[in-house]
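Novice: Sequence:
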Amino acid sequence: MSKKRLGKGLSALINNDENVDQSRVEEIFTDQIEPNPFQPRSNFDEDALKELANSIQEKGIIQPITVRKIKAEKYQIVAGERRWRASKLVGLDKIPAVIRNFDDQEMLEIALIENIQREDLNPVEEAGAYKEMLDNFDITQAELAKQVGKSRSNVSNMIRLLKLSDKVKNHLQRGTITIGHARALLSLEKEETQVAACENIIIQDLTVRETENYVEKLKNPLKGKEKKEKKPELDQVWQQAASELEKNLGTKVKIKQRKKNNLLTIELDSLDKLKELVEKLK
Numbered sequence: 001m002s003k004k005r006l007g008k009g010l011s012a013l014i015n016n017d018e019n020v021d022q023s024r025v026e027e028i029f030t031d032q033i034e035p036n037p038f039q040p041r042s043n044f045d046e047d048a049l050k051e052l053a054n055s056i057q058e059k060g061i062i063q064p065i066t067v068r069k070i071k072a073e074k075y076q077i078v079a080g081e082r083r084w085r086a087s088k089l090v091g092l093d094k095i096p097a098v099i100r101n102f103d104d105q106e107m108l109e110i111a112l113i114e115n116i117q118r119e120d121l122n123p124v125e126e127a128g129a130y131k132e133m134l135d136n137f138d139i140t141q142a143e144l145a146k147q148v149g150k151s152r153s154n155v156s157n158m159i160r161l162l163k164l165s166d167k168v169k170n171h172l173q174r175g176t177i178t179i180g181h182a183r184a185l186l187s188l189e190k191e192e193t194q195v196a197a198c199e200n201i202i203i204q205d206l207t208v209r210e211t212e213n214y215v216e217k218l219k220n221p222l223k224g225k226e227k228k229e230k231k232p233e234l235d236q237v238w239q240q241a242a243s244e245l246e247k248n249l250g251t252k253v254k255i256k257q258r259k260k261n262n263l264l265t266i267e268l269d270s271l272d273k274l275k276e277l278v279e280k281l282k
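To convert, note that position 274 of the sequence shown is 274 in the UniProt record's numbering; the numbers rise steadily by one, no gaps.
Among the hints, erroneous ones may be present.
Only pairs whose alpha carbons sit at most 25 angstroms apart, straight line, appear in this in silico SDA-like list of lysine to any residue [what the hints assert, rightly or not]:
hint, residue 1, residue 2
1, K94, Q39
2, K94, G60
3, K190, R160
The calculated label-pair distances, taken between Cβ atoms and stated as ranges, are [unchecked claim]:
hint, residue 1, residue 2, range
4, S243, D269, 14 to 24 angstroms
5, S270, E189, 37 to 47 angstroms
6, V237, K282, 23 to 33 angstroms
7, E210, D93, 45 to 55 angstroms
Calculated from the structure, these hints are not laboratory results.
All figures in this text were calculated on a predicted structure; none of them were measured in a lab.
Even glycine gets a Cβ: it sits at the ideal position worked out from N, Cα and C.
Full structure from sequences and hints, please.
Specialist: Structure follows, in structure tokens:
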């Protein structure tokens with residue numbers, strides 16, 4: 001695929017949902033539609049999808065999705081994959097859609113820019129999207145940054161995250177570490193050191209500043225050796241216990257070391273998960 005210039009952005013390729021000409025909207029069977037193969041987002045929040053599904057069940061689909069026809073009675077999503085997935089959750093047979101003609105290059109541009117501008121991507125997906133745009137379009141980092149409304153340094157720093165080990169990137173995708181933690185870990189060259197440090201950061205619930213200090217000590221073990229460690233590594237028993245609890249409870253578990261005792265934190269993001277936890281502990 002030869003490179004071509006990047007277009008004027010999402011608005012240049014796709015109609016604003018609010019300004020869709022209703023005469024161009026068609027009802028298409030949901031099972032005749034497939035996802036955009038260039039979609040950079042690999043994870044869809046299940047709770048958010050359920051909320052959208054409930055809204056669709058109550059009010060219907062207010063904004064039609066956009067698709068392209070790839071063969072007889074077969075379509076690919078250009079924009080609106082969450083609406084399509086939510087519609088299938090509530091059992092809708094058909095979904096309102098606008099059919100547009102886009103080539104693969106335009107499909108890639110739309111998928112990447114739509115997600116970046118709407119902040120639907122996790123950091124690893126966003127970094128991958130930037131790299132794919134640079135690889136597929138004749139564009140500089142500065143031009144790309146302007147296109148997506150970011151600074152050039154932001155785009156550059158995001159792309160560097162792709163150099164992290166797969167295990168660390170997985171934690172970043174799940175949100176168990178932040179971009180700040182990940183950037184600090186980038187300076188650790190050995191993969192096993194990077195992964196071990198990441199696990200310890202999560203267990204001890206270190207801040208970004210504490211992580212930077214911790215990583216610096218790993219890189220320079222003799223520097224400040226006589227100084228008392230503020231947060232020594234947890235015993236292997238505690239680390240193993242936290243991992244087992246996380247696996248059995250199906251949620252994030254953190255152990256923070258303190259002077260007299262350790263603090264165990266179980267993260268729950270909904271009342272339903274709290275009820276599930278109570279049932280498991282009975």
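Novice: Compare the structure with each hint and give your call.
Specialist: Hint-by-hint comparison with the structure:
no.	hint	in the structure
1	K94 <-> Q39	holds, 22 angstroms
2	K94 <-> G60	holds, 11 angstroms
3	K190 <-> R160	holds, 16 angstroms
4	S243 <-> D269: 14 to 24 angstroms	holds, 20 angstroms
5	S270 <-> E189: 37 to 47 angstroms	holds, 40 angstroms
6	V237 <-> K282: 23 to 33 angstroms	holds, 26 angstroms
7	E210 <-> D93: 45 to 55 angstroms	holds, 53 angstroms
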